[in-house]
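**Student:** Both chains are given apart, each in its own frame, so use the hints to dock them into the complex.
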Amino acid sequence: MEVLDNIPVKLDPGEVLKRLRLGDKSQHIENSVQQIIEIVRPIVRPKAIYEVSYVDNKNEDSLDVGGTRFTSRVLRVNLDKIERVFPYIATCGSEVDEITIPSEHLMENFYLDTIKGMVLGSAISYLKDYLTRNYALGQVTHMNPGSLDDWPVTQQKELFSIFGNVEDCIGVKLTESYLMIPLKSVSGIYFPTQIKFESCQLCPREECSGRRAPYDPSLAGRYRERMLD
Amino acid sequence: MSELVDAIVSLKEEEALEIVRYRLEAGEEPMSLVEEARGGITIVGERFQSKEYFLSELIMSGEIFKQVMSLIEPKLTGDIRTETIGNIVLGTVKGDIHNIGKDIVASLLRIAGFEVFDLGTDVAPQTFVEKLLETGAPILGMSALVTPSFESMKDTVKAIEEEGIRDKIKVIIGGGMVIKQIKDYVGADAFTRDAAEGVAICKEFIEVTQK
Numbered sequence: 004m005e006v007l008d009n010i011p012v013k014l015d016p017g018e019v020l021k022r023l024r025l026g027d028k029s030q031h032i033e034n035s036v037q038q039i040i041e042i043v044r045p046i047v048r049p050k051a052i053y054e055v056s057y058v059d060n061k062n063e064d065s066l067d068v069g070g071t072r073f074t075s076r077v078l079r080v081n082l083d084k085i086e087r088v089f090p091y092i093a094t095c096g097s098e099v100d101e102i103t104i105p106s107e108h109l110m111e112n113f114y115l116d117t118i119k120g121m122v123l124g125s126a127i128s129y130l131k132d133y134l135t136r137n138y139a140l141g142q143v144t145h146m147n148p149g150s151l152d153d154w155p156v157t158q159q160k161e162l163f164s165i166f167g168n169v170e171d172c173i174g175v176k177l178t179e180s181y182l183m184i185p186l187k188s189v190s191g192i193y194f195p196t197q198i199k200f201e202s203c204q205l206c207p208r209e210e211c212s213g214r215r216a217p218y219d220p221s222l223a224g225r226y227r228e229r230m231l232d
Numbered sequence: 132m133s134e135l136v137d138a139i140v141s142l143k144e145e146e147a148l149e150i151v152r153y154r155l156e157a158g159e160e161p162m163s164l165v166e167e168a169r170g171g172i173t174i175v176g177e178r179f180q181s182k183e184y185f186l187s188e189l190i191m192s193g194e195i196f197k198q199v200m201s202l203i204e205p206k207l208t209g210d211i212r213t214e215t216i217g218n219i220v221l222g223t224v225k226g227d228i229h230n231i232g233k234d235i236v237a238s239l240l241r242i243a244g245f246e247v248f249d250l251g252t253d254v255a256p257q258t259f260v261e262k263l264l265e266t267g268a269p270i271l272g273m274s275a276l277v278t279p280s281f282e283s284m285k286d287t288v289k290a291i292e293e294e295g296i297r298d299k300i301k302v303i304i305g306g307g308m309v310i311k312q313i314k315d316y317v318g319a320d321a322f323t324r325d326a327a328e329g330v331a332i333c334k335e336f337i338e339v340t341q342k
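Sequence lines, in order, name chains C and H. Under the numbering used here, think of the first position of the first sequence as 4, with each following residue one higher. Under the numbering used here, think of the first position of the second sequence as 132, with each following residue one higher.
If we strip away everything but chain H, and leave its shape as in the complex, we get (with noise of 0.2 Å):
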């Protein structure tokens, strides 16, 4: 593991910071850094499925990275600055305002390299399937933590059936009362009520959209 690994791992803010201002001024490459500090997030995002970390750890090492590319994002060049692995659409949806962990996974979706267009609380069905037709994006992440709104989730998957795009999006639903039950009746892909395995599942669907 390497310091600059270790430190974000620790939760070590400042370490880590002054790590990476002196391998740039050293004239180390940037995106190598960049992939070391990814490095970094998916050990912690490890820990926390483990249990050995808790949310708030899982927080604080999303924020202690966005610090750190706050630093190298001005050394990247204009192409890889912008590279993404992919684009996601989330959003808590119609007659839930619950927020705090739908802007926690969209954290973690940012650092894992997604463009992620997030459209808030309240959602309604028709403004997703409006938003996947606009970017083109082959995931939707839907968030409820109030059982009536799992109504809310199942209206939009319909309203993505009925406008005939069903098969290129893949859908992920997230929240506390979350179970393979209300997954199924929703009509969803996959579902979780854990950030760090949603990131996870996004990614292997980006690996099958690549493929």
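Extracted from the complex, chain C is given alone in its bound form (with noise of 0.2 Å):
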């Protein structure tokens, strides 16, 4: 298990705006984001952890990863021919979620809550290029407990259980309603991929903010009778 907590994060005024969509709006806005930034700046840190961890005990629809039970079709399908893949968790950290604002300045809780995700996003990149540099991977993609119906979000419990006691190694907590804290924290498994693959492609579900791909009908399907060439 390696813990990454060393992570780069460059927060850029522009970068915030565009993501903020508020760009060439008014000084007054550039002003307030840049205080929320160095409110931010000095205390921010994301933290990743990962495990090399080998798939085994494949049956139809399940599969163990570093002995655990994993149960979704798409997994299964995923890691057919698979057999080291790296279980993780990533988060802004606890340091800048620490950060309150009162509740009535709501365009300031806005601008802290987009650099927040911001910062996910900072420490999921670099996990990414750091498992795909160490571990020559190739192409890489990603499943996450919660974004398929197939594989629902309980099962971070058990994604959670291979690394033992997360809170204490990067301080992110699954409550019993299986929500992470802090909040913009995300759990998953990359995987080595001969084909591009996101989850987006299965989910049939309209008006996304999170789709990172159109929804593909017939690879739906394809999953579901498992014919992938």
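It is possible that part of the hints are untrue.
Stated by the list, open to error - Distance ranges between label pairs, derived from CB positions: (1) C:Y133 - H:T215: 47 to 57 Å; (2) C:Q30 - H:M162: 46 to 56 Å; (3) C:Y133 - H:L207: 55 to 65 Å; (4) H:L155 - C:K13: 42 to 52 Å.
No lab work stands behind these hints, which were simulated from the structure alone. Ideal placement from N, C-alpha and C gives every residue a C-beta, glycine not left out.
**Tutor:** Listed below in structure tokens is the structure:
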């Protein structure tokens, strides 16, 4: 198991404004965003934890990863020919999560929430590059419990169990309702892949702000039938 | 479109405030300025729903409206100042602590003229029931972003039924994962994944209760 906690974070006001879609609106907005960045910058410390795990005991719709059982047809299909995978948890860090702004300052809270999301993005990006570089993985992709009905969010419990006491390692707690705290945290499994895969391709949900790829009904059908090349 | 409406729709905060100051000093009726400003917010909501505007712009327009109201409110007379179109109890359900979406909706509901009783996050079913009984609010809004929390929504609707007030309450649920099947499972009357749409639904609920 390895903890990555020296993750560089670049908080560029222009990038934040672009993410907020508020570029060129007003100097007042730019100043407010800059103020939030100045509060975040000295204390921000995103983290990630990962394990090198091996896939075993493959059944119809389930398999073991690092000795822990997961049930998901999509995961089973994706890892059919894969032996080594990288379960992970990444977080914006409890340090920045503890910054509080009075709730009546809605705009500033929204800026902070967006910045925390970008910090988490930095952690995920760093982890992905780190794994790719250090394990010579080539193309990688990931799946996250809860992204698809096929792999429910309840399986985060099993994923967390791979790492032992995650809260002690990187300050992420999994609640009884399977919420991760800090909220800007993500868990999943990275794995090498020959094909470009995003869970979003199998998700028919409309109007999703987090969509990373268009829904592909024929691909979803092939996963159901397990007819992949 | 008046200059005030245009300033709000274009998210020009300083310009909007300057216009309001000028028109108040000229002796204009404060309530007409409130209605005009609300008109600007309605247009922003329409642009958000047509995807011309995004969440940041929706929130920003709300903040501009609040600033506009801070200039107008001291000029409003007592009765008008306290006039609302209806009450709503709002909260993120037990097991979930996401709050930004709920806070945005609360802000927009207040702008629309609702009195909002925001119970915060991780709210137990009985807490919702007690507030509904205390306030007589005809609308309950519940938010959740984590799928296991849908059980909390269902438990809350059940608690309202057991209290014997379900027929007096309209229930609307919201959150990124909410779909029609979840609304049906929970036993809610409506669902939304869009803050502006949520406000519009609540306004319709009030119109129905007033008929």
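**Student:** None of the hints should be skipped; say for each whether it holds.
**Tutor:** Now the hints, each set against the structure:
1. C:Y133 - H:T215: 47 to 57 Å: At roughly 54 Å between Cβ atoms, H:T215 and C:Y133 fall inside 47 to 57 Å, so the hint holds.
2. C:Q30 - H:M162: 46 to 56 Å: 32 Å, violated
3. C:Y133 - H:L207: 55 to 65 Å: 59 Å, holds
4. H:L155 - C:K13: 42 to 52 Å: About 45 Å separates the Cβ atoms of H:L155 and C:K13, which means 42 to 52 Å holds.
Hint compliance for this structure: hint 2 is the single one not met.
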